[in-house]
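Colleague: Given these sequences and hints, build the entire structure.
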Amino acid sequence: MDNATSEILNRYKQMLRQLGIVPERVILFGSRARRAGGEHSDFDLVVISKDFARMNLRERLEILGMAAARIMEPVQALGYTSEEFAALGEGTFVGDEVKPVGIEV
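Once you know that position 20 of the sequence shown is 860 in our numbering, the rest is easy, because the numbers rise by one and skip nothing.
By construction, these hints were calculated from the structure, which means they are not laboratory data.
Since we're looking at a predicted model, the values are computed, not measured.
Treat the hints with care, as some may be off.
As the list claims (entries may be wrong) - Lysine to aspartate or glutamate pairs mimicking DMTMM-like chemistry, simulated, CA-CA at most 25 Å apart: (1) K853 <-> D891; (2) K853 <-> E913; (3) K939 <-> D882; (4) K890 <-> E902; (5) K890 <-> D842; (6) K853 <-> E879; (7) K939 <-> E913; (8) K939 <-> E923; (9) K890 <-> E879; (10) K939 <-> E899; (11) K890 <-> E923; (12) K939 <-> E864; (13) K890 <-> E937; (14) K853 <-> D842; (15) K853 <-> E899; (16) K890 <-> E930; (17) K853 <-> E923; (18) K853 <-> E937.
Claimed, not checked - Here are the simulated distance ranges between beta carbons: (19) L859 <-> H880: 24 to 30 Å; (20) R857 <-> L901: 15 to 21 Å; (21) R894 <-> N843: 17 to 23 Å.
We put the beta carbon where it would ideally sit given N, CA and C, even for glycine.
Modeller: Here is the structure:
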């Protein structure tokens, strides 16, 4: 992973902390994980945090999107608790697209 990508992801994780979400794990997937992304590709992430246990889907997407907007970078993130993430296996988006190629950052 290049320095620019690492810097963006670190800023995103820091912004999540400022918004009250403490990431246990952050996983990069999609074109950037496969090193097929271009200069304008977004950053596809899964954020795993126990803080999501108290939130519904809309609240999770809202706070993840707010963090992306505040750092002004093209981040598309999904949020799960560690238990939810572990339960997603083959035949699910996470099991088929994230777990096989994801890179923990």
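Colleague: Check each numbered hint against the structure and report the violated ones by number, ascending.
Modeller: 5, 9, 21
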